[in-house]
Amino acid sequence: MTNTGKLKVTTPTDREIVMTRDFDAPRRLVFDALTKPELLQQWLLGPPGWTMPVCEIDLRVGGAYRYLWRNADGAEMGMRGVLREIVVPERLVATEKFDQPWYPGEAIATNVLVEQGGRTTLTLTVRYESRETRDAVLKTPMDKGVAAGYDRLEELLADGMERRAES
Amino acid sequence: MISSQRLDATFAALADPTRRAILARLASGEASVTQLVEPFAMTQPAISKHLKVLEHAGLISRGRDAQRRPCRLEAKPLADATEWLERYRQFWEARFEHLDALLDEMKNKGKKRVRKKP
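First to last, the protein sequences are chains A and B.
Residue numbers 1 to 167, in our numbering, belong to the letters of the first sequence in order.
Residue numbers 1 to 118, in our numbering, belong to the letters of the second sequence in order.
Honestly, the hints are just simulated from the structure, not real lab data.
Heads up, some of the hints might be wrong.
Stated by the list, open to error - Pairs of lysine-lysine residues, derived as DSSO-like cross-links and limited to a Cα-Cα distance of at most 27 Å, are as follows: (1) B:49 to A:36; (2) B:49 to A:8; (3) A:8 to A:97; (4) A:36 to B:109; (5) B:76 to A:139; (6) A:6 to A:36; (7) B:76 to A:6; (8) B:52 to A:36; (9) A:139 to A:97; (10) B:52 to A:139; (11) A:139 to A:6; (12) A:36 to A:8; (13) B:109 to A:6; (14) A:36 to B:112; (15) B:49 to A:6; (16) B:107 to A:8; (17) A:36 to A:97; (18) B:107 to B:76; (19) A:139 to A:8; (20) B:76 to B:49.
What the hints assert, rightly or not - Covered stretches of chain A, as calculated for chain B (at least 3 residues, CB under 8 Å): (21) 16-29; (22) 70-80.
Since the structure is predicted, the reported quantities are computational estimates derived from the model, not experimental observations.
Note that CB positions come from ideal geometry on N, CA and C, so glycine has one too.
One chain only, chain B, in its complex shape (with noise of 0.2 Å):
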């Protein structure tokens, strides 16, 4: 079961643009807090602010080494936020798929029909 409050951690940590720079770096293996500073333009304080956002929506784990603390990504709760919106997803798309056939039912009354002016 997915909890309510996780899951708003979780969105909102994404919301950010360079939070979510970081987890496409940190998808390619784990990395210190010195590693992501450089590609980033940002000060070391400014990054350590984001992974504590990230940490906190548990999104990336920190190592135990206390001068590097690598951070690692943590696939579930990514996982459980694209759950939810897959399902969203699917919610439009079954009512995106009536309309498809609706829209074929249109065109075909459009090609009997003489149309009418508007």
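In isolation and in its complexed conformation, chain A is listed as follows (with noise of 0.2 Å):
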């Protein structure tokens, strides 16, 4: 995997995942990316060789949204929510839950979008409800084998990229 350096991860409080990434479009865009599920379902993917099937935003105040993922084997990890605040394009506020229950409660993800020359800097704040539940996610994608494999990810680019070109 080579080690782009693009996007930030840091742990700020006991409670709390910070990302920011810059995106090369315009607020607008980005928010749709994050709001439209055709466009949600082309890139929040899993890991290699998982698709994510259904994705559903009831996108209003109290709204709520539903994400499965699934793999070739049938295995399912399904994660829903309700949306807490919408400011187009600026700010996305909604819970968090994953079916599986192997963490307790509900996080909130706070997306804060700020764009500057036609760029869009996208931090993604995740607030758990302790420090174990952070801490038993940031373990997670090796425990549950969700991002095992980065090995193959280029072939995971490639494929997404002839895929969009096909359709």
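Please assemble the complex out of the two chains, which come individually in their own frames, going by the hints.
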């Protein structure tokens, strides 16, 4: 895996994970990509071999959303939550909870989009109910095999681009 | 193989700004408790408490000299914790690279087609 160094991940407090990433696009487009199911399904993927067959969003405050990922063996991983704040195209706050109870309670995900010179900086802060929960999440990609096989990442990226080119 | 409890202890130890500052100080060489108390405007018992947490997490070790007991940084648990964060980062970076490609596509479509009014 080539370390592009683009994404910064920090743990500023014992209950949070903060991700910061720049995108070469205006925030209107980034906001769309965060809120329109047909766009989310193209990038909010699992590890190699997983697809996102279900992505439903009721885009209003108090509205629910539902994500489901599936791999070739039929294993599924689901997530749901409720939208708490929507400020187009700069702020999106939602609760999130995985179907599999591998961590207790809900987390709150806050997306903040700042545009400068046609580029957008996305800051995603996920706040968990406890430090134990956050640490469980940090460990999960490996424990559950969710992020296994990064050596196949290049393959995944190539496939993803081909699929999009074909559709 | 990284023990789960050890990792929990590492993340817990790193969650405190004073303890992170102590680790940063020890990165430049070992120090006694007295030396560590100076820059932090804290009492020696308070610093000692932080040192116990760091020692429990395996992030530092203490010398055998009963008087001084110098503290030194242990790199391995920190490297393990960083590795977990790095794996998490890579997982999300993979997603965001897909998003990069998608945004390029969206920008191109926007140029080619006449934009509908929302």
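Agreement of residue 139 of chain A and residue 97 of chain A with the hint, judged by alpha carbon distance not exceeding 27 Å: With a Cα-Cα distance of about 16 Å, the restraint between residue 139 of chain A and residue 97 of chain A holds, given a limit of 27 Å.
Given the hint that residue 49 of chain B pairs with residue 36 of chain A, does the C-alpha gap stay at or below 27 Å? With a Cα-Cα distance of about 50 Å, the restraint between residue 49 of chain B and residue 36 of chain A is violated, given a limit of 27 Å.
Run the distance test for residue 76 of chain B versus residue 49 of chain B: straight-line Cα separation, threshold 27 Å. Given that 27 Å is the threshold and the Cα spacing comes to 22 Å, the pair holds.
Does residue 6 of chain A sit within 27 Å of residue 109 of chain B, going by the straight-line distance between their CA atoms? 25 Å, holds
Given coverage of the stretch 16-29 of chain A by chain B, tested with a Cβ cutoff of 8 Å and a minimum of 3 residues: holds (count 7)
Is the Cα-Cα distance between residue 52 of chain B and residue 36 of chain A 27 Å or less? Roughly 49 Å between the alpha carbons, so the hint for residue 52 of chain B and residue 36 of chain A is violated.
Under the criterion that the straight-line Cα-Cα distance not exceed 27 Å, is the pair residue 49 of chain B, residue 8 of chain A satisfied? Roughly 31 Å separates the two Cα atoms, so the pair is violated.
Against the 27 Å threshold, does the CA-CA distance of residue 36 of chain A and residue 97 of chain A hold or violate the hint? Holds, because 19 Å separates the two Cα atoms, which is no more than 27 Å.
So if I understand the rule, the pair passes when the alpha-carbon distance is 27 Å or less; does residue 36 of chain A with residue 109 of chain B pass? Given that 27 Å is the threshold and the Cα spacing comes to 16 Å, the pair holds.
Given hint residue 6 of chain A paired with residue 49 of chain B - CA-CA distance at most 27 Å: Status violated; Cα separation ~37 Å.
Keeping to a limit of 27 Å between CA atoms, is the pair of residue 52 of chain B and residue 139 of chain A held or broken? 24 Å, holds
Taking 27 Å as the top limit, are the C-alpha atoms of residue 139 of chain A and residue 6 of chain A close enough? 21 Å, holds
Hint compliance for this structure: hints 1, 2, 8, 15, 18, 22 are broken, all remaining hints hold.
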